[in-house]
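Protein chains in written order, with our numbering: chain Z, 18 to 269; chain P, 300 to 520; chain F, -12 to 59; chain G, 2 to 212.
A portion of the hints provided could be inaccurate.
[As the list claims (entries may be wrong)] Restricting the straight-line Cα-Cα distance to at most 27 Å, the calculated cross-link-like pairs of lysine-lysine (DSS-like) are: (1) Lys152/G - Lys516/P; (2) Lys27/Z - Lys55/F; (3) Lys308/P - Lys27/Z; (4) Lys27/Z - Lys133/Z; (5) Lys55/F - Lys169/Z; (6) Lys169/Z - Lys87/G; (7) Lys308/P - Lys87/G; (8) Lys152/G - Lys318/P; (9) Lys318/P - Lys87/G; (10) Lys268/Z - Lys35/F; (11) Lys87/G - Lys516/P; (12) Lys268/Z - Lys55/F.
[Claimed, not checked] Which chain Z residues stay away from chain G? Per the calculated CB distances, all over 10 Å, these: (13) Pro24; (14) Pro62; (15) Glu195.
[To be verified] A partial selection of chain Z residues facing chain P, derived with a Cβ cut-off under 10 Å: (16) Leu170; (17) Ile189; (18) Leu223.
Hints in this document: simulated from the structure, not taken from any laboratory.
All residues carry an ideal CB built from backbone N, CA and C; glycine is no exception.
So you can see what is in the structure, the chains are spelled out below.
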Amino acid sequence: MWKWLHPYAKPERAYQLCHTLLPWFATVAVVSLIIGTVWGLVFAPADYQQGDSFRIIYIHVPSAILSMGAYVAMAIAAAVGMIWQWRTAYMTMIAIAPVGAVMTFIALFTGAAWGKPMWGAWWVWDARLTSELILLFLYLGVMALYAAFDDKLQAGKAAGVMAVVGVVNVPIIHYSVEWWNTLHQGATISKFGKPSIAPEMLWPLLINLLGFAAFVGAISLMRLRNEIVQRELHRPWVADLVANSNARAEKE
Amino acid sequence: MSPYAALLKREMTLAFRQKSELIQPLVFFVLVITLFPLGVGPSPDILQRIGPGVIWVAAILSSLLGMERLFRDDFQHGWLEQLALSDASMTGLLMLKVLSHWLVSFVPLVIISPLLALLLNLTEPMYWALMATLALGTPLVSLVGAIAVGLTVGLNRGGVLLALLLIPLFIPLLIFATSAIESAAMQLPYGPQIAIIAALLLTTLALSPFAINYAVKVSLH
Amino acid sequence: MMRFDSFSEFVAMGGYGFFVWLSFGVTFVVMLLLVVDSFYGQRRVLQKAKQEIERKQRILAARRAAAKESQA
Amino acid sequence: MSQLQAIDLTCIRRDRALFSGVSFDLEPSELVLLSGLNGAGKTSLLRILTGFIRPDEGRVMWQGESITNDITRRAFAQQLVYIGHKSAVNPLASALENCVYWCEQQQLTTPPSVIFDVLTTLGLVGLEDVPCGQLSAGQNRRVALARLWFKQSATVWILDEPFTALDVAGIALIEQHITAFCAGGGSVIMTSHQPLVSITQWRDITLEYRI
């Protein structure tokens, strides 16, 4: 059933696929991010409780969703690498990791900047914030482990184990932190509940979500492309690639 | 003699030959705990309030100190290679190594915990809860730690990396363990927390052997 | 329909301007850094590939020279 | 039929193909000497044969079965002695203990008297119960090489630079032992950066350094 996927395990094919997909992802990302952000900042109505500070939602929520989505994608790539012994799967994993880490950082930072006016503190040990912080550590762990090995195939296998172990732990961490928080702090934090959000507020959010997803996709593809070339330096097709790019540069 | 019994015998003999390596994490554990009364003040109420967390945090930190020893020497000397070439299940042999590591590094910690309970003014129910969480939680620390040590054993600079990999994974354990002891402090039942830790331990026990074996294989590469 | 009557009102964001613009600004900068890093990554990698090709040519040249010498 | 077969092995380390398409059979009574420049992949090839490394392509067969199969791996382990770069000698334990640990791990019932005899043969007389950390590099190597005497059931030896740190007498002793083992039907595959002295018959397999 997954047979159609197998040809893309070959680095050269994967490189070509990246090359084909990248412009599409990049275009969607730029267009949706511009539309979503302008709409969210200028045209969406202010929240009746939080005023204009709620506009942070247009980057906070998409980045938070993508931080977790990217982690799952990274772990799936790692699992694929382990099961089918694909080198490209590990390359995909390590291409996604920094992008996911950046998403996590954005979610944390915007959360803090939103929390200051709403809760009166830059940081509260809220369950979601705490598990997001741990998620950042998990990303950093995977990246640091990968960086520590000289042999990058070995590095991919090792970091893959941590990525998969992490994905098993993410739900456990999330629920344990939630439980810990409710035990300790109870209702001191008035959480921003999910109101039935008005459509004119929701649309820019969805557009920005699409934009962030396309952004994550585009950057991951770009990094995957670089990673593939880096890892295939000794292969003839990379030599051809370099020769072509040189020829193009000379023409210009 | 079966290869498993032979390994266990060897591990125990060699562990007790490096007495300083055995005792150092334990001393570190006690030292960290004595810092807290000095840092936050000696008021018995405060100590009792923070005691469970302090003991568990110190236990996790001191375990990180000795964790590397789990596979480091045998990897560097080449004994893991010889183990991989014996007529036995590698997974089983590695689990025995984890067991012997737990016996020599965590059992002493459980044994001296009454002393620390005294230092931090814990009540008797809290003490029993502490024992229960340590008894169930420390094998979990060993098993999860073995995965990360297996992955990092081939690297020369494992130290901080190991902490970065492991501490996030130990957070649920820390939360449930301290919460159990706090429940005990308030004379509340702490069965649920213990049950959750036990469930975590059983899940880890079922899954970690494969992960540890895979991790060591990656390092033997 | 625009929600702000003037540009200064837009900047003020109902008194939350600092937090809103801080969030958007930092997000923009971080994402931009990621894009720039990925672009430079491509350049770095192509540079490396070029070096690799040159390295191979050096080895081949050395081998050819050695072969010639042994013939002579 | 040869017992150990390497079929079309490819090894990629650090994204560089060390070798590819390496095939050979290890026949009984045969000594194979792997040669090649530093970095050509001799150690990697030996580690593939033991099963530590999975080849990126190709298979290693033991009695017609792939050694990735756990049952085959264990059957192979019963007849194999491997001595690698790392001696697997623990510096905290004495020479005697190191030998005992290894024999027990290999499920050999070697009586202490035999171990003493072997250690004497290897010139470690009087040093049997000194912790190996206090012995010299050559003496440590001798402790590791003592394993070649203990495992009577072995039919294959895989030796990675066995002569490292040994003196002339030590090398002669090991060469003599290898000759005797081959004469008894055993097969040896080894690497050595120094030429063999007393052994005259061997098969050469050369790994080329690839760019």
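Each hint, compared with the structure:
1. Proximity of Lys152/G to Lys516/P is assessed by CA-CA distance (about 25 Å); at most 27 Å being required, the pair is judged to hold.
2. Of the supplied pair hints, the one linking Lys27/Z and Lys55/F is violated, its CA atoms being roughly 39 Å apart against a limit of 27 Å.
3. Between Lys308/P and Lys27/Z the CA atoms are separated by roughly 48 Å; this puts the pair beyond 27 Å, and the hint is violated.
4. Only pairs whose Cα atoms come within 27 Å are accepted, and Lys27/Z paired with Lys133/Z is rejected, the gap being roughly 49 Å.
5. Between the alpha carbons of Lys55/F and Lys169/Z the distance comes to roughly 38 Å, so the proposed pair goes past 27 Å and is violated.
6. Between the alpha carbons of Lys169/Z and Lys87/G the distance comes to roughly 23 Å, so the proposed pair stays at or under 27 Å and holds.
7. For the suggested pair Lys308/P and Lys87/G, the alpha carbons sit about 22 Å apart, so the restraint of at most 27 Å is met.
8. The straight-line distance between the Cα atoms of Lys152/G and Lys318/P is roughly 33 Å, outside the 27 Å bound, and the hint therefore fails.
9. Between Lys318/P and Lys87/G the alpha-carbon distance is near 25 Å, which keeps this suggested pair within the 27 Å criterion.
10. Restraint check: the Cα-Cα separation between Lys268/Z and Lys35/F comes to about 22 Å, which is no more than 27 Å; the hinted pair holds.
11. For the hint pairing Lys87/G with Lys516/P, the CA-to-CA distance comes to about 16 Å; that is within 27 Å, so the pair holds.
12. The straight-line distance between the Cα atoms of Lys268/Z and Lys55/F is roughly 38 Å, outside the 27 Å bound, and the hint therefore fails.
13. For Pro24/Z, the non-interface assignment is confirmed: its Cβ lies about 18 Å from the closest Cβ of chain G, beyond the 10 Å cut-off.
14. With a closest Cβ-Cβ approach of about 54 Å to chain G, Pro62/Z is found to remain outside the 10 Å limit, as its non-interface label requires.
15. For Glu195/Z, the shortest C-beta to C-beta distance to chain G comes to about 42 Å, beyond the 10 Å cut-off, and the non-interface label holds.
16. Interface hint at Leu170/Z: satisfied, since its Cβ lies 8 Å from the closest Cβ of chain P, which is below the 10 Å cut-off.
17. Interface hint at Ile189/Z: satisfied, since its Cβ lies 5 Å from the closest Cβ of chain P, which is below the 10 Å cut-off.
18. Because the beta carbon of Leu223/Z sits about 31 Å from the nearest beta carbon in chain P, more than 10 Å, this interface hint is broken.
The structure does not agree with the numbered hints 2, 3, 4, 5, 8, 12, 18 stated previously, though it agrees with the rest.
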